[in-house]
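Construct the entire structure; sequences and hints are all you get.
2 protein chains.
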Amino acid sequence: MTNKDARTPASTQKSSDGEQTASRGEAGKSIGWHKAYVEGSRSDLRVPVRQVHLTNGQSVTLYDTSGPYTDPLVDTDVRRGLSPLRENWIIARGDTEEYAGRPVRPEDDGIKHTSPRGGLRNLDAVFPGRPRQPRRGRDGQAVTQLAYARRGEITPEMEFVALRENVSPEIVREEIAAGRAVLPANVNHPEIEPMIIGKRFLVKVNANIGNSAVTSSIEEEVEKMTWATRWGADTVMDLSTGRNIHTTREWVLRNSPVPIGTVPLYQALEKVDGRAEELTWEIYKDTVIEQAEQGVDYMTVHAGVRLAYVPLTANRKTGIVSRGGSIMAAWCLAHHKESFLYENFEELCEILAAYDVTYSLGDGLRPGSIADANDEAQFAELRTLGELNRIARRFNVQTMIEGPGHVPMHKIKENIDLQQEICDEAPFYTLGPLTTDVAPAYDHITSGIGAAMIAWWGTAMLCYVTPKEHLGLPNRDDVKTGVITYKIAAHAADLAKGHPGAQEWDDALSDARFEFRWEDQFNLALDPDTAREFHDETLPAEPAKTAHFCSMCGPKFCSMKISQDIRREHGAGRSEIEEGMAQKSKEFAAGGNRVYLPIAD
Amino acid sequence: MTNKDARTPASTQKSSDGEQTASRGEAGKSIGWHKAYVEGSRSDLRVPVRQVHLTNGQSVTLYDTSGPYTDPLVDTDVRRGLSPLRENWIIARGDTEEYAGRPVRPEDDGIKHTSPRGGLRNLDAVFPGRPRQPRRGRDGQAVTQLAYARRGEITPEMEFVALRENVSPEIVREEIAAGRAVLPANVNHPEIEPMIIGKRFLVKVNANIGNSAVTSSIEEEVEKMTWATRWGADTVMDLSTGRNIHTTREWVLRNSPVPIGTVPLYQALEKVDGRAEELTWEIYKDTVIEQAEQGVDYMTVHAGVRLAYVPLTANRKTGIVSRGGSIMAAWCLAHHKESFLYENFEELCEILAAYDVTYSLGDGLRPGSIADANDEAQFAELRTLGELNRIARRFNVQTMIEGPGHVPMHKIKENIDLQQEICDEAPFYTLGPLTTDVAPAYDHITSGIGAAMIAWWGTAMLCYVTPKEHLGLPNRDDVKTGVITYKIAAHAADLAKGHPGAQEWDDALSDARFEFRWEDQFNLALDPDTAREFHDETLPAEPAKTAHFCSMCGPKFCSMKISQDIRREHGAGRSEIEEGMAQKSKEFAAGGNRVYLPIAD
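Taken in sequence, the protein lines are chains C and X. Under UniProt numbering, think of the first position of the first sequence as 1, with each following residue one higher. Under UniProt numbering, think of the first position of the second sequence as 1, with each following residue one higher.
Mixed in with the good hints there might be a few duds.
[What the hints assert, rightly or not] Below, computed lysine-lysine pairings styled on DSS-like, alpha-carbon distance capped at 30 Å:
no., chain 1, residue 1, chain 2, residue 2
1, C, K413, C, K317
2, C, K411, X, K285
3, X, K337, X, K285
4, X, K411, C, K413
5, C, K413, X, K413
6, X, K337, X, K317
7, C, K285, C, K317
8, X, K413, X, K317
9, X, K337, X, K413
10, C, K317, C, K411
11, C, K411, X, K413
12, C, K285, C, K337
The hints are simulated quantities; they were obtained by calculation from the structure and are not laboratory data. What you are looking at is a predicted structure, and each value in this text was computed from that prediction instead of being measured.
Structure representation (structure tokens):
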């Protein structure tokens, strides 16, 4: 499953700079795109980019999340996993150590001797790549990017994201040190290409994958991950809840070029056969360590769902819609006790700090409907997340805060403003929000609207929503639609925030559009395949790709053509036209500049 | 092509109130939806609504644009046309007269004796319905809804929209009189069910249809119109540019329950064989009269593209992208003269007033790329539109103002604020705007984001954008996707504006969701068919529609189920649960309400 063909044009050829170049084989022209690398201060620091080659000889460099899979020079094999890009950086710091680790048990995969499902663990499914021991911080060592940033160190990871974002490494360090950005990078996930989540950087997109008790397989989940990153997912959350959770996660981690997030509570609940009241801190902690040793980069922890807040949800239209939130609420009520996550939060910080796992403090009481938006339950939890964020910071654990959910447009800004205030500007990571409840099957759109707006106002990462939200599990097409929709929202926000360089992409595409460079338009598009396919539906012939009109208006009515004709007829260069037009304009202005004289109404 | 089955469940039966009821035939339960009517002050004033019947015995009333086609009691036939609902209202006013009208000529359909295409007009295509003479205002009579509103008359049309919008007729009259709303209703289009466009009312959606030189047929266009209104289009613009323009329009008008808009310039250009410089005021005026006699309800007029503004576009990234704008710019430059539309605007007002055709003052210089947004060309034209709006008002012509285009999020609000200020709060009618240029094939989404925002801030009607924008002509699926996306944007804006009653729809759907009433969720959805299809993909069996979980999480992990279990275990009614929870909460509060004591940082 190397999938090199998905976005790669028909043939490849060696380019003069020693890199592979994708070409459409048209009269030897090297157009299309190729994977390139921006070199850093050391030979093992190479930041991948997508270089788009235009027919006018120019090229455009785009951010690339697709990993080594789109580099024809790299031989990938999902059974071997990706090469551990960061391993030497981690080892060189000398502050971590390998250790035996927690033994993997059958129940980690949901197979218990007491279970009627019985049987042994399916050994065929065990990840076959190189054997590895987990790694953790040595006693007394603070091994998180936050700790490094605070003491003034610019790590290779920070330099990597600085090159990726086209900013100075010092800005990256500052933002991490201040807690305004996170760089999720578990020491046990050396395969990732580092990325950063923070409001001063490009808005990021997370894609959820995960099997459930009803459907899906390991292979499908790994494939969904590579598929999602190919279209632009910056991180992937593995939300598996069925069997083979541990093994699926191992395959996903070993093959993922992006940070992987999880909700450990889901697996912990599997270990007690779905009975929330049987959950204990020990089982949860064991699960967190299990996942941290595998390399999970960030974990959603619903420690803000406190016993006292549960009654606040009783009059809601849709109660508690977060799975983690409802599990914790059920536990709290069953025991009439404070949440074990809240009570043991400091110990949890110590564990996460040892692996540099980033917190994603979950919003277990997020609204699940327009009616419940911005209510007391939601904001009570947010205040607790602010409190937990400060504790996490004491332990040097990187932290982001999760946000809603379902929120009508006029209530969105309050969410980001309150979160930034209460959580000391920690990165906000929101699900949408969905701006109406009435469009199941189109919730990528209801939420894409809210996502773009909240990202403009400061949300650092958007969790995608697919068309299947509320209805079923997303398939391959749904994952792609969800990612593309959210890349649109993220890029629209980058533009609105005035992110340096963001508009270059739009400008390049609009130039191509105005000049009828159809191939360039396709290659610059967020989804070249669909853009080309739609164009070809009405004008399939190859000459139509160089035609100076398209099927919408036909040759006579094309405004772009008329607009170009105006320029052509009135001079070749823009300045000439402008001069000519300005002259006419002056003549007109001299004549009074208006036809209708002011009228007394 | 009566299409009664598209959104109509399997069987129909006579209900006790004499109306047809759609039912899914499940054990005699009458669920699903049926077409109902709200009765006005007179027997011929019946406002159609979509009545959704829920499994819990409740029902929800939704705005309905689908016309008689979804009423099983009405026998429709596209060859006969719809019955002229407003005819008696128009005649009763006694201020209009029938007259012979302008003879229809072959060239009205793009067939000229000088044309190499030659041949006679295709008589088979002539609309076969009842022969009719056009109608216009008698000399000295002001026959527009604006004129009636200004002199304090509440017309049946105004009462109709008041019932439709659930507001008082006086509010409708006031808003029209003030020029803050338009009620497009040509006296020659008696078939329409009146609707209103204004910021105090529900946000409306327009769908464009129209053949071009490259593709499409008359039948397809009529079918696209009924298809678009079935999914919620409030008006339809026929932007045909190829052959059979006149005849296509006749079929569309006679079968349309919604107002029809056009851009007369497109047909005028056909009459001069696509040579912009050969356009004359006479040819244009003749075309406007031709279309007004047919019944076109609103016309886009690019009278704001003045000679002096053309040079302002010379340094743009994408020049002039409006077809009408580029045609007028070409004409102005070819003759080095002021626009004949601007120069003859007062005479045009007189013509439109005689039929109650509404102006849609076109933004011919709208930006076609992020780079060109909010530039001097765009705003210079907007100022002229403000001037023209005041002139139109003097002639009692209802007027709305068209808006962009491509605009990044942070520049959207300036558009609506300036438009409202400059154009005395005349209704704004915007195309999107698209919030980024980089996603051809997804421009329904790039623009849906901008559309929702600008509608929240006061835009009265949104012109849809389909996935084929920039790439090709929309097919049936694209039209549906475009309409649904824009209904989402419009409804999200209605919610954000706090439109009375808007949230009832969301609440009903969220109640159904929380209570696992799957059939009710589907029937309340903006697109019931796709919602049902997506659900059935993973859980197809009929029992799954009553299952208290779904395929996303499976039975063990369903948060809704857990949330409901919490309620069940802790008391049957909400108040009981609340009490029990509140008691626990008090106990907890008494214990200090926190686990972590304040920590000195």
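Hints, verified against the model:
1. Of the pairs offered as hints, the one joining K413(C) and K317(C) holds, with about 22 Å between alpha carbons and a cut-off of 30 Å not exceeded.
2. A distance of roughly 48 Å separates the Cα atoms of K411(C) and K285(X); the hinted pair therefore is violated under the 30 Å criterion.
3. Distance check on the hinted pair: K337(X) and K285(X) sit about 18 Å apart at the alpha-carbon level, within 30 Å; holds.
4. For the hint pairing K411(X) with K413(C), the CA-to-CA distance comes to about 17 Å; that is within 30 Å, so the pair holds.
5. As the CA atoms of K413(C) and K413(X) are separated by approximately 15 Å, the hinted pair is consistent with the 30 Å bound.
6. Between K337(X) and K317(X) the alpha-carbon distance is near 25 Å, which keeps this suggested pair within the 30 Å criterion.
7. Restraint check for K285(C) and K317(C): the C-alpha separation of about 33 Å exceeds 30 Å, so the hint is violated.
8. Taken as a hint, the K413(X) and K317(X) pair is honoured in the structure, with Cα atoms around 22 Å apart against an allowance of 30 Å.
9. In summary, the hint linking K337(X) to K413(X) is not supported, as the alpha carbons are separated by about 34 Å, beyond the 30 Å threshold.
10. The suggested pairing of K317(C) with K411(C) holds, with an alpha-carbon distance near 17 Å, which does not exceed 30 Å.
11. About 17 Å separates the Cα atoms of K411(C) and K413(X), which keeps this hinted pair within 30 Å; it holds.
12. The straight-line distance between the Cα atoms of K285(C) and K337(C) is roughly 18 Å, inside the 30 Å bound, and the hint therefore holds.
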